[in-house]
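Novice: Required output: the full structure, derived from the provided sequences and hints.
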Amino acid sequence: MSRLVRILGIAKGVQRLQQWQARLESLKEAARCEDDREQALAAVEIGGHRLEVARRGRGRFPFVPADNCFNIALSRVEAQTLPLAHVQISSETLTAVGAEASEHRLRTIVGTLGNVQSAATVSRVDLFVDFVCALPMDAWPANTWVTRAHRIDAFHVQKRFSGWSIGLGGPIGARLYDKTLELKRSLKDYLKPLWREAGWQDVETVRRLEFQFKRSALKELRVDGLADLHAHCAGLWHDATRDWLRLSVPVAGDRNQSRWPTHPLWQALAAIDCQAVPGPSLSRLRKARIPGDEALFLNGLGGLTSFMAREGITDLEEGLGEFLVRAGCFHDQRRRESGRGFADYVADQVAVKEKRYNALRTETEETREAQARERTAVAAAYREAKEGE
1 MSRLVRILGI
11 AKGVQRLQQW
21 QARLESLKEA
31 ARCEDDREQA
41 LAAVEIGGHR
51 LEVARRGRGR
61 FPFVPADNCF
71 NIALSRVEAQ
81 TLPLAHVQIS
91 SETLTAVGAE
101 ASEHRLRTIV
111 GTLGNVQSAA
121 TVSRVDLFVD
131 FVCALPMDAW
141 PANTWVTRAH
151 RIDAFHVQKR
161 FSGWSIGLGG
171 PIGARLYDKT
181 LELKRSLKDY
191 LKPLWREAGW
201 QDVETVRRLE
211 FQFKRSALKE
221 LRVDGLADLH
231 AHCAGLWHDA
241 TRDWLRLSVP
251 VAGDRNQSRW
261 PTHPLWQALA
271 AIDCQAVPGP
281 SLSRLRKARI
291 PGDEALFLNG
301 LGGLTSFMAR
311 EGITDLEEGL
321 GEFLVRAGCF
331 HDQRRRESGR
341 GFADYVADQV
351 AVKEKRYNAL
361 RTETEETREA
371 QARERTAVAA
381 AYREAKEGE
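Numbering (the numbering used here), first residue to last: 1 to 389.
Zero decoy hints are in this set.
DMTMM-like mimics (lysine to aspartate or glutamate), calculated; alpha carbons at most 25 Å apart, straight line:
1) Lys-214 to Glu-103
2) Lys-214 to Asp-239
3) Lys-219 to Asp-239
4) Lys-188 to Asp-178
5) Lys-188 to Glu-103
6) Lys-192 to Asp-202
7) Lys-159 to Asp-138
Listed next, with one range per pair, are the computed distances between beta-carbon atoms:
8) Gln-267 to Phe-161: 16 to 26 Å
9) Ser-91 to Val-116: 22 to 32 Å
10) Gly-98 to Thr-314: 42 to 52 Å
Note that these hints are calculated values from the structure, not bench results.
Cβ coordinates follow ideal geometry from the N, Cα and C atoms, glycine included.
Specialist: This is the structure we're talking about:
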């Protein structure tokens, strides 16, 4: 009887996996659709996470649902040699809730999508420290790096030195770079309050030293699961900053790098105890990949300001009004080809970006209509008051 129960349980589990696979196939097709409204439907909600389903797989994993917390690559039911899922946990999630809580949330999601039968293994670890230092990083010649790695690269962004990468692509790699400069591209503004909490001033440049350990290096260092990682975290940092890589001070007349003294900055970085000094944590976790105010109200005004400069308009209200009028005319002309005008285009783009940003909308249709009426009334009142001035 117990064997029969187990067989029936396995059969039901496989059937559930097949149902999920069919649903993911359908969502993947929707993501490929040319119609923006259809694309916006390519998302699934599991455990409070709204996961966008990508139009393409990743390698041999055909399905990739993701939000701001997790990027999940799923294999097919019939795959025998692949793991059920290969997952990347965002740094924001790890900062907000920690590794254990992240794994627990992730296990709930993956357990819904498939049958989790074994413990998760760690395939990659990134250890880093953020710090402020007045020393210019481009003042060091490449030969001051004493390392087992064969490749050392220096990088520049817009003619500004941005940092070093050492040994990337191998089992262990390192990066030392200008994190404040990188934030202008990545827009990970959640880091700034944490830096301020640690005493950072907004005008200061934050540097990041980061080591990347791949699976082959982790196995050699006896790190398999999450518990192993916690036990060996300090050892990983020690090996990376003392045995694998070191910043030295050249000695005139001595060509043997191994005898050169360690740079004082590197001595301070190598002395950090990863387990004794926990990093600060976020007060809340954003599941949605929503852009911040800086991205919207600085970068997002690029089209409007470019239009005003092209037309020679300096008054903001005049520029905004003319921009909307001209945009409406442009899209109304396109209506002849696509059958959809300006309002349709805006609605389609809003739907697409709600999906892209994982912006879960829980309000009812009646609530949305009431909010729309309220916004219209406020706008009408503003125009009436302005015209009466």
